[in-house]
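Q: Chains E and R, in that order, are what the protein sequence lines are.
Heads up: the first sequence begins at 1 in my numbering, then just goes up one per residue.
Heads up: the second sequence begins at 1 in my numbering, then just goes up one per residue.
Rather than coming from a laboratory, the hints here were simulated on the basis of the structure.
This one's a predicted model, so the numbers in the text were calculated from it and none came from an experiment.
Glycine is no exception: its CB is placed at the ideal position from the N, C-alpha and C atoms.
Hints should not be assumed to be uniformly reliable.
Below, a sample of chain E positions facing chain R; criterion: calculated Cβ distance under 10 Å [said to hold, decoys possible]:
hint, residue
1, S9
2, T51
3, C91
4, L104
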Amino acid sequence: AQSVTQLGSHVSVSEGALVLLRCNYSSSVPPYLFWYVQYPNQGLQLLLKYTSAATLVKGINGFEAEFKKSETSFHLTKPSAHMSDAAEYFCAVSDPGNNAGNMLTFGGGTRLMVKP
Amino acid sequence: EAQVTQNPRYLITVTGKKLTVTCSQNMNHEYMSWYRQDPGLGLRQIYYSMNVEVTDKGDVPEGYKVSRKEKRNFPLILESPSPNQTSLYFCASSFRRGNSPLHFGNGTRLTVT
Numbered sequence: 001a002q003s004v005t006q007l008g009s010h011v012s013v014s015e016g017a018l019v020l021l022r023c024n025y026s027s028s029v030p031p032y033l034f035w036y037v038q039y040p041n042q043g044l045q046l047l048l049k050y051t052s053a054a055t056l057v058k059g060i061n062g063f064e065a066e067f068k069k070s071e072t073s074f075h076l077t078k079p080s081a082h083m084s085d086a087a088e089y090f091c092a093v094s095d096p097g098n099n100a101g102n103m104l105t106f107g108g109g110t111r112l113m114v115k116p
Numbered sequence: 001e002a003q004v005t006q007n008p009r010y011l012i013t014v015t016g017k018k019l020t021v022t023c024s025q026n027m028n029h030e031y032m033s034w035y036r037q038d039p040g041l042g043l044r045q046i047y048y049s050m051n052v053e054v055t056d057k058g059d060v061p062e063g064y065k066v067s068r069k070e071k072r073n074f075p076l077i078l079e080s081p082s083p084n085q086t087s088l089y090f091c092a093s094s095f096r097r098g099n100s101p102l103h104f105g106n107g108t109r110l111t112v113t
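Construct the entire structure; sequences and hints are all you get.
A: Right under this line is the structure:
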């Protein structure tokens, strides 16, 4: 069974500072990995995904994530935080060999707060 | 515009009064799914459907029903809601491939008193 752990349910950074949101997964096979963002009163939007191509994945709004198989991690980073980045972020994993379609397992989420 | 539409956005009801939350997508996606979101627990899957007339249980199916009579619609039914079903619910859809991202609706906030 797959699982996803997001370290830190709340992260606070200053505007302009580095953003680092941590995600570790467990999976019996190399997985597909996703980061989603949820703004207040909205559904989740895809930020980026890893599907076994380049290990450094670039997403929207200046975010990127690096797949590290040895560490079973897929941490999300952004060099310089903007006030508009304040939102909740979810890491998710799916098993490429799962024939049951797009079955995602989500982490518990990390709420990012950006201070002026 | 490609979208997943859920209705209603907000719903307050009483214990035991049957309700339905509708979900519709216009992207011709085979796969549709319902999630509930609770603080600290992330999103947990309730039911999913890989195509018309094909549905299956997710991680937390108790107290819920679904149907998939048409490709675009996937309603969530609570036959006898209870207070522990107070939550934020999301419908999502995608093509039926593991690397295909999910498209989410804007959510339905349900309160059961």
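Q: When the hints from earlier in the document are held up against this structure, which numbers fail?
A: none
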